[in-house]
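Asker: Spelled out from the first residue to the last, the chains are:
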Amino acid sequence: MKSPSVFNHSSPHVQANTDVAKVMLQVLLALLPGLLVIFWFFGWGIWIHLGLACMTAIACEALVLKLRGKDVMLYLKDYSAVVTAVLLVIAIPTVAPWWITVFGVSFAIIIAKQLYGGLGYNPFNPAMVGYVALLISFPLQMTIWLSPFTEFGFVESVNIIFWGFDAHLSVDALTTATPLDELKTRLALAETVSEIKMSGIFGAIAGIGWEWVNLAFLGGGLYLIYQKVISWHIPVAVLSGLFITALLFYLIAPDYYLSPILHLFSGGTMLAAFFIATDPVSSSTTPKGRLIYGVSIGVLIYMIRTWGGYPDGVAFSVLLVNMAVPTIDYYTRPQVFGYQKLDDTKEE
Amino acid sequence: MAIENSVSSVNSVSMQTKVIQDGLWHNNPALVQMLGLCPLLAVTTSVVNGLGLGLATTMTLLVSGVVVSLIRHWVRPEIRLPVFVLIIASTVTSIELLMSAYFYDLFKILGIFIPLIVTNCTIIGRAEAFASRNPPLLAMLDALAMGIGFTVVLVLLGGLREMIGQGTLFAQAHLMFGEFASGLTIVLRGDYSGVLLAILPPGAFIGLGILVAIKNSIDQYHSRIIDNNSVLVNNGDSTHTTTASGR
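Protein chains in written order, with my numbering: chain R, 19 to 366; chain P, 50 to 296.
The shape of chain R in the complex, shown without the other chains (with noise of 0.2 Å):
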């Protein structure tokens, strides 16, 4: 490393090794696990969405960042879009036709990501954008997920995403409900969750497969935080504002609310908490008012796979609370060291 004269440089003298594009390749390794263990579960679809998804994001990526006159190869290098396709393809189910893939990346990447600026401008998430674009266009094939350990090898998959249809096997056998939606039909027919719990779907924590993946988008969520790529507020207040939500409702009735670590570990629970919520550009930036964020999240979360009309809540909670970090990151703006508090009604 060159030693630069301290006297000659302004601050910052320590600086990290690191710029975008490391940051989004780090993102991309701590999502294999997950992509791996959905790969187990829900088949070769994963690996074909992935190829569909990221080629899909770069072409659109180049086209706007084209007509915008930038520099195209500059921008394609961090990496940006990728993440973005990826973190999108892991919420489609794996046997959803191919164009479900291109629409959702597209929208993502040309509207609610290159329209409002490109990297760094958007103020919503692009990939949950992108994934609810989808699901409130398409909800019948955005639903529709295949048990788990199916025997559905790569021709299959093929077939089904590219030509809708499987000459060997009938996919309406082999799909379901995943165990959020199955849970919400049920408890809606006055079922308990205790008896939901007997019809085999689910496993030692919480849905069969499920549960592995919120498992392993865990553990890639522990290394970025290990390495430093994203800091554990948004993280830990994402899923102690669903746990403690959920708690107070368990212990009141149990056999109405499901348990807290059923939520933890239940649908985009982990993969919110540690790759969607703390994108760095739509998620606020003050230590303070990143536990405000994720506790947001959390709460939102819980109320929308409780109360509302979808059985996972992820995607808006997250878009609802990006659309309130400016009005946090105002108020929660750190004391500059020195400097008595600012007194926000003198100011004017």
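If you are wondering where the hints come from, they were derived from the structure by calculation, not from laboratory data.
Only a predicted model underlies this, so the values are computations on that prediction, with no experimental measurement involved.
Just to be clear, a hint being listed does not mean it is correct.
[To be verified] Calculated cross-link-like contacts (lysine-lysine; reagent style DSS-like; alpha-carbon spacing at most 25 Å):
1. K40/R to K215/R
2. K84/R to K40/R
3. K215/R to K95/R
4. K88/R to K157/P
5. K264/P to K84/R
[Said to hold, decoys possible] Some chain R residues flagged as far from chain P (calculated, every beta-carbon gap over 12 Å):
6. P51
7. W62
8. L94
9. Y349
The beta carbon of each residue, even a glycine, is placed where N, CA and C say it ideally should be.
We have chain R; now place chain P onto it with these hints.
Answerer: Relative to the frame of chain R, chain P by itself:
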């Protein structure tokens, strides 16, 4: 923005051309003034809905504009706004009654948005900024231009959303033009399941944003051509001063 139109009118051809151009393009109520967005975004789920609301709005603009212009010398400035609102409200009520008599199905679809034309800011805006300061004929021309400008945007947005959301064009055209028009409906693809997003409110916002962007980029393209031409002309003269032609 609207003030520039209120220059005391000289009933000349250039004034008329300017009024028409403003209404249709340069000062388009939907794309530039961004007025009347509530019905614009809520109703444009199909071409027919957009056209229906657009024509009703145009009629309101026309009648209220002419009446306001006719009485402009007798209305005291202190009470002009209540008077305008009364005129607009009675016009809208008449149009509502007419529509429920002759286009009952369309009237049912547009529902609350017909009476809500009263609150469309374009109408009171044109009454205040133009009709109350100009003679009836010019006011009528302005109302027509503004109304058609608004209707065109409604139809475009309706077409865009209907095409993406349902895969059809001119669906339910018989509601407006009678039974023979039911053949007008174009089905773009038989097995198209539709992108629900385009029909839902976010689709309206995104669609309008795209239309505004297209309009702005056309304007930029034209001003760039004009800039280039002026530079060429100046280079043709042996003087090297390039005019700072603002956009």
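Asker: Which constraints among the numbered hints does this structure fail? Numbers only, ascending.
Answerer: 1, 3 and 4
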